[in-house]
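Colleague: Each protein sequence line maps, in turn, to chains A and D.
Position one of the first sequence corresponds to residue 5 (the working numbering), numbered consecutively onward.
Position one of the second sequence corresponds to residue 16 (the working numbering), numbered consecutively onward.
Calculated from the structure, these hints are not laboratory results.
We put the beta carbon where it would ideally sit given N, CA and C, even for glycine.
Warning: the hint list may mix true and false statements.
Simulated crosslink set (DMTMM-like; lysine to aspartate or glutamate; CA at most 25 Å straight-line) [stated by the list, open to error]:
no., chain 1, residue 1, chain 2, residue 2
1, A, Lys22, D, Asp431
2, D, Lys401, D, Asp253
3, D, Lys429, A, Glu27
4, A, Lys20, D, Asp341
5, D, Lys401, D, Asp432
6, A, Lys20, D, Asp113
7, D, Lys429, D, Glu369
8, A, Lys22, D, Asp341
9, A, Lys22, D, Glu356
10, A, Lys22, D, Glu364
11, A, Lys22, D, Glu369
12, D, Lys401, A, Asp49
13, D, Lys401, D, Glu260
14, A, Lys22, D, Glu260
Here chain D is said to cover these stretches of chain A; the calculated rule only asks that three of the stretch's residues, wherever they fall, bring their Cβ under 8 Å from a Cβ of chain D [said to hold, decoys possible]:
no., stretch
15, 15-23
16, 44-58
17, 70-82
18, 86-95
These stretches of chain D come out as covered by chain A in the derived footprint (C-beta under 8 Å, 3 or more residues) [said to hold, decoys possible]:
no., stretch
19, 195-205
20, 248-257
21, 360-366
22, 394-400
Residues per chain are reported as follows:
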Amino acid sequence: MSLTTQDVRHVAELAKLKLTDDEVNRFAQQLSAILDYAASLQQVDTSHVPPTPYVLPLQNVMRDDDAAPSLPNDVALGNAPDADDGFFRVRAVFED
Amino acid sequence: MTKPLHELTIHEALAGMRRGDFTSLMLTQALLDRIAAVDGRIQAYLTVTAEQARVQAVAADRRRAAGEDAPLLGVPLAIKDVLSTAGVRTTCGSRILDNYNPPYTATAVARLEAAGMVMLGKTNTDEFAMGSSTENSGYFTTHNPWDTDRVPGGSSGGSGAVVAAQMALAALGTDTGGSVRLPASFCGIVGLKPSYGRISRYGLIAYGSSLDQVGILAKDVRDAALLLQVMAGHDPYDSTSLPAETPDYLAALDGDIAGLRIGLPQEYFVAGMQPAVEHAVRAAVAELERLGATVTPINLPNTDKALPVYYLVATAEASANLARFDGIRYGYSAGASAMMENIRATRGEGFGAEVKRRIMLGAYALSAGYYDAYYLKAQQVRTLIKQDFERAFAQVDVIACPVAPTTAFRIGEKADDPLAMYLSDVLTVTLNLAGMCGVSVPCGFDEAGLPIGLQLMGPHLGEATLLRAAHAYERATTWHRYWAEV
Chain A
5 MSLTTQDVRH
15 VAELAKLKLT
25 DDEVNRFAQQ
35 LSAILDYAAS
45 LQQVDTSHVP
55 PTPYVLPLQN
65 VMRDDDAAPS
75 LPNDVALGNA
85 PDADDGFFRV
95 RAVFED
Chain D
16 MTKPLHELTI
26 HEALAGMRRG
36 DFTSLMLTQA
46 LLDRIAAVDG
56 RIQAYLTVTA
66 EQARVQAVAA
76 DRRRAAGEDA
86 PLLGVPLAIK
96 DVLSTAGVRT
106 TCGSRILDNY
116 NPPYTATAVA
126 RLEAAGMVML
136 GKTNTDEFAM
146 GSSTENSGYF
156 TTHNPWDTDR
166 VPGGSSGGSG
176 AVVAAQMALA
186 ALGTDTGGSV
196 RLPASFCGIV
206 GLKPSYGRIS
216 RYGLIAYGSS
226 LDQVGILAKD
236 VRDAALLLQV
246 MAGHDPYDST
256 SLPAETPDYL
266 AALDGDIAGL
276 RIGLPQEYFV
286 AGMQPAVEHA
296 VRAAVAELER
306 LGATVTPINL
316 PNTDKALPVY
326 YLVATAEASA
336 NLARFDGIRY
346 GYSAGASAMM
356 ENIRATRGEG
366 FGAEVKRRIM
376 LGAYALSAGY
386 YDAYYLKAQQ
396 VRTLIKQDFE
406 RAFAQVDVIA
416 CPVAPTTAFR
426 IGEKADDPLA
436 MYLSDVLTVT
446 LNLAGMCGVS
456 VPCGFDEAGL
466 PIGLQLMGPH
476 LGEATLLRAA
486 HAYERATTWH
496 RYWAEV
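In isolation and in its complexed conformation, chain A is listed as follows (with noise of 0.2 Å):
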């Protein structure tokens, strides 16, 4: 399996990373060489075999629909690198 840079862009562009040309590059390389790698899993038969995606037998898990202490809104907002009047503020959503 063999990664362009044109794949590369395109990945990044849907994990939202900016990346240098470089990095481009060095992830087309390597990003091919750990597919390649990854290649043997073809080859196994999984035809009547489910998937794993989580190995305990719990599910739905339910609690009671109390209300409990949350957070107050200044500490919420604490670490923010941007934030007004108890919101987080951020820049125009739809750009020019």
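Based on the hints, put chain D in the right spot on chain A.
Modeller: Then chain D, alone, in the frame of chain A:
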């Protein structure tokens, strides 16, 4: 002859404080002095909370003077910097969280605090626990106390090194694919990875959520059992923590191992393994046999598929988990003027190379057109690996094998070859995929004087038997009594 205070185990320190031989403040100060003397060479701590530690020690001494006791009252410990600590900077070894102050404390840490712990500081890690050497830390590389030209293992390498260099009585780590057992093996100490669901993950900043588990790096098996006892059990804040009863792990340590069935998996003695490692592990198994265990060869036929499965599953989960770092709610922000451009730039500048590589690999494995071939396929083979273990544990109680194919490698040796680095985890990732428990116990040294770890594995929630086997081996040998000259 009495030992210097920093050389004590937890159970020795508790006995000393209960007898009134010394106070928690004396013990805590001895460890802070030790940190000041040797951490310049080892570089295992990212943050030392000296002032807070002294305040906690004084409070513990007051409680003890008032007639109180608790399982860890006045015991100084270190915490891996991927576990959230309210009011104490938590970086995950990443520049993207350089100034992050968590508003809450991880349940595992909170339980240690409730049991009386004194926290000495936060330990170095590969960025977001992604690595096998600490070379991926966004800050600096930790040095192995046995040979400072070598890595301590990773990702909990800071925690391994603080225990091996006696800068804390024990430390918490996390294990997603071997990140507790590998540094324990490379640093010559005990490293316990409990079963998935045994200890709450609340406040553990997520890497691979179906694999991550809080683990323990300790000087001996008794200390590991003591810490597990304090942290194990259901937590309403983590829906994946099991509502199962916690056995008495300390009581389980005693008793012999006559009749214990030990399996020796043929697939774990791989080609290219360092001869000294194979020799030491086989000698350890012979010792367990001498102690009354029966040893049977077993097969775990899908072992060679575990590493590619792990690197697809873990990175896919990581690509989702690390989507939260967007420069809006916490952490570094690049300050670009447009919204999406700022998210891209924040992540591109804030994450290091290995984290970006793993996010990319995971996003690729999950992307349209490749999901079935990579992510789904990996989850199906994961089922086969889990079934291998289920079949094996129908025949044996414990599995014995090496932790890693080699002893600690040199700093820089694998830094430019990600695949070679990933191969360090080839004998540890299997357990995480199956959700089972394992421990690394010192079992010898190679020609260069570097420690070797014996890996014992147990079935899901099989910690009591696992620890009894490890303890029986430790009692019969002296490897855990050797300490690095730092």
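Colleague: Are the hints correct? Go through all of them and say.
Modeller: Status of each hint after checking the structure:
Of the pairs offered as hints, the one joining A:Lys22 and D:Asp431 holds, with about 21 Å between alpha carbons and a cut-off of 25 Å not exceeded. Straight-line distance between C-alpha atoms of D:Lys401 and D:Asp253 comes to about 23 Å, which keeps the hinted pair within the 25 Å bound. Between D:Lys429 and A:Glu27, the direct Cα distance comes to roughly 18 Å. Compliance with the 25 Å bound is thereby established for this hinted pair. In summary, the hint linking A:Lys20 to D:Asp341 is supported, as the alpha carbons are separated by about 9 Å, within the 25 Å threshold.
A threshold of 25 Å between alpha carbons decides the hint, and for D:Lys401 with D:Asp432 the separation of about 29 Å lies outside it, so the pair is violated. A distance of roughly 20 Å separates the Cα atoms of A:Lys20 and D:Asp113; the hinted pair therefore holds under the 25 Å criterion. Restraint check for D:Lys429 and D:Glu369: satisfied, since their Cα atoms lie roughly 13 Å apart, inside the 25 Å limit. At roughly 12 Å between alpha-carbon atoms, A:Lys22 and D:Asp341 fall within 25 Å of each other, so this suggested pair holds.
Between the alpha carbons of A:Lys22 and D:Glu356 the distance comes to roughly 8 Å, so the proposed pair stays at or under 25 Å and holds. For the suggested pair A:Lys22 and D:Glu364, the alpha carbons sit about 8 Å apart, so the restraint of at most 25 Å is met. Distance restraint check for A:Lys22 and D:Glu369: the Cα-Cα separation of roughly 15 Å lies within the 25 Å cut-off, and the hinted pair is therefore satisfied. For a cut-off of 25 Å, the pair hint linking D:Lys401 to A:Asp49 stands: about 16 Å separates their Cα positions.
A C-alpha spacing of about 23 Å is found between D:Lys401 and D:Glu260, which places the hinted pair at or below 25 Å, so the restraint holds. Note on A:Lys22 and D:Glu260: the hinted pairing is violated, with a Cα-Cα distance of about 47 Å set against a maximum of 25 Å. Coverage of a stretch by a chain is defined here by at least three residues with a beta carbon nearer than 8 Å to that chain's beta carbons; for the stretch 15-23 of chain A and chain D the count is 8, and the condition holds. Under a criterion of three residues with beta carbons nearer than 8 Å to beta carbons of chain D, the stated coverage of the stretch 44-58 of chain A is upheld, 11 such residues being counted.
Here the stretch 70-82 of chain A counts 4 residues with a CB under 8 Å from a CB of chain D, which clears the bar of 3, and the coverage holds. Taking a C-beta to C-beta cut-off of 8 Å, the stretch 86-95 of chain A contributes 4 residues in contact with chain D, enough for the three needed, and the coverage statement holds. Given as covered by chain A, the stretch 195-205 of chain D fails the check, having 0 residues with a CB less than 8 Å from a CB of that chain where 3 are the minimum. Residue count for the stretch 248-257 of chain D with a Cβ under 8 Å from a Cβ of chain A: 4. That meets the three needed, and the coverage hint holds.
Here's how the stretch 360-366 of chain D fares: 5 of its residues keep a CB closer than 8 Å to some CB of chain A, so the rule of at least three is met and the hint holds. Counting residues of the stretch 394-400 of chain D whose beta carbon lies closer than 8 Å to any beta carbon of chain A gives 6, which meets the minimum of three for the stated coverage.
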